[in-house]
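Participant: The primary structure of each chain is shown beneath.
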Amino acid sequence: MSHYILDIIYIIGALSFIFGIKLLGKPESAKRGNFIAAIGMTISIIGTIFLFNSGSAETIVHLQNVPLIFTAILIGTIIGTIMAKRVQMTQMPQMVSFFNGMGGACAALISLVEYHHVSTLPVVDGIPAMETGKAIVIYLGLIIGSISFAGSMLAYLKLDEKIKDKVLPFQQVINVGLMAVILGIAACSIFGWFVIPNALYLLLAISLMYGVLFVMPIGGADMPVVISLLNSFTGVAAAFGGFLYDNKVMLFGGILVGSAGTLLTVLMCKAMNRSLLNVLIGNFGGGANKGEARAITGNIKEITKTDAASLMKYSKKVVIVPGYGLAVAQAQHICHELEQQLEANDVEVKYAIHPVAGRMPGHMNVLLAESNVAYEKLMEMDEINPEFKTTDVVLVVGANDVVNPAAKNDPASPIYGMPILNVEEAATVIVMKRSMKAGYAGIENELFYNDKTRMLFGDAKKSLTELVAELKNV
Amino acid sequence: MEQVLEFISVNKEMFYLVALMIFLGIELIEKVPSVLHTPLMSGANAIHGVVIIGAIIILGEATDTVSKILGFIAVVLGTLNVVGGFVVTDRMLDMFKKKKKQN
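Protein chains in written order, with the numbering used here: chain A, 29 to 502; chain B, 17 to 119.
Heads up, a few of these hints could be off.
To be verified - Partner residues aside, some chain A positions facing chain B, computed with beta carbon under 8 Å:
| id | residue |
| --- | --- |
| 1 | F45 |
| 2 | G212 |
| 3 | L272 |
| 4 | G282 |
| 5 | M296 |
| 6 | P389 |
| 7 | P433 |
These are computed hints drawn from the structure, not numbers from a lab.
Model, not experiment: these values are computed from the prediction.
All C-beta atoms in this analysis are idealised placements derived from N, C-alpha and C, irrespective of residue type, glycine included.
Put together the whole structure using the sequences plus the hints.
Facilitator: This is the structure in structure tokens:
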């Protein structure tokens, strides 16, 4: 009886994941979708603890070590909740990467333990317990789980700026070679062609190394794509767990995330107008093309805060282009204040959100929404681009690559082909920047030398605060 | 090779399911506005935490100390993935909701 109930719980769990993802795709129902998926997950977990039967239909064997299981869940829940509640909105991408790595490690550990469990079972009728099918699932689960864990942790450290991009000589050759070694060892062990002592641990070590080397050369601006890709890797690793235990809810959840995650990765690449392959081997921001890019000459023109304030105050329409610099300076709230101050003077204010503004698609929307900027003021690139011609002042706050005209007119530039915001079509462009340092992609921006451009150097938060004060004065 | 084919044959329902789920996953995501990419990635991240069920089974069936320790760690990590994932997603989506009330 109890076994049937668990099956029904798993069906509900699997359906909750499908509905959850479906509802997550619409702004108005997203929160409900997340909640539904969480409920499905909770009942699946509790059902497994109390109703899982590892015996047969006649002799029911429930799970042991229940107090241990609950202790582990309690520890995980407390740490997970604290981390998730404390993290700053700007650090969201690395947090997602971190949790993703935990899932990968979990999948790898399952494979490790299960390998020992299965390989020590006695040989019955000449058939070892480790059938080929099971071996494939265990080995692949270990490989993908470890790659996902190591890669995610490195992505987390890189986004946190604890580790810089680094490209080894012959990086791609090394990576392809390592992958071949991994597949070779796995195939030998699975099919028993060749006995390699401690093959499993060897695989674990090489897979972890591969995960690190896979993410190491990929530039910071491409990190969201990598996290999304690693996310779908973990999904696949979870699905292998589903195969291992003939557990449909694990299979459903895993494959669903695996395929949705892969598509999401491709969509992100599209937003940057690049192919996935190009992201993975292109060493974006690694400096491969830097030398060839066109040298930029010209003078930059600075503007004082007083002039900037009066220029904006007597404009009809101001478009604010926020970038990651705004988020880093925690200036989204003061930016909203500036917007209110301008609107009080009958200036129309809109925000132009590039698809990859911030660190991930949609990241900037989350940050601005946090400081109460109205949803309909946030314009997507395709909506706002035709409007720049009729805009008096564009205020670029801490954005760089997404307004770099090199993407349109310099084929040698690493960001060539990426759709950008055509801010130079506006009457005046004010660029707020900490210094003349290049953006995340590590390339120069000729916009700064444009005749229409005025530079306003300084910390985004400080400058915006002073601008608001000036607006009140003039 | 035969063993592999046999494995596929024995588990054919699973393979049907996998094929269908791949299409379903693609179908579900296709028309999502880019605004929601981040919360969606985070939500999907929490869902693959379902791998914790495997960890629970491991710990529940563990008899020796090494398996118990590894299983325990696996459950802790799996829980981190699930709980952290859902809570972070919820926080992100809160940002959208709060602003809606104002309008």
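Participant: Each hint needs a verdict: does it hold in this structure or not?
Facilitator: Against the structure, the hints come out as follows:
1. The interface hint given for F45/A is met, as the beta carbon of that residue sits about 5 Å from the closest beta carbon of chain B, less than 8 Å.
2. A hinted interface residue such as G212/A counts as satisfied when its beta carbon comes closer than 8 Å to some beta carbon of chain B; here the least separation is about 17 Å, so the hint is violated.
3. Given hint, L272/A at the interface with chain B, holds; its Cβ is 7 Å from that chain's nearest Cβ, closer than 8 Å.
4. Using the Cβ-Cβ criterion of 8 Å, the hint placing G282/A at the interface with chain B is satisfied: the shortest such distance is roughly 6 Å.
5. Given the 8 Å rule on beta carbons, the hint for M296/A holds: about 7 Å separates it from the nearest Cβ of chain B.
6. The criterion of a C-beta within 8 Å of any C-beta in chain B is met by P389/A, whose closest approach is roughly 4 Å, and the hint holds.
7. For P433/A, the shortest C-beta to C-beta distance to chain B is roughly 22 Å, which exceeds 8 Å, and the interface hint is violated.
Checked against the numbered hints above, the structure violates hints 2 and 7; every other hint is satisfied.
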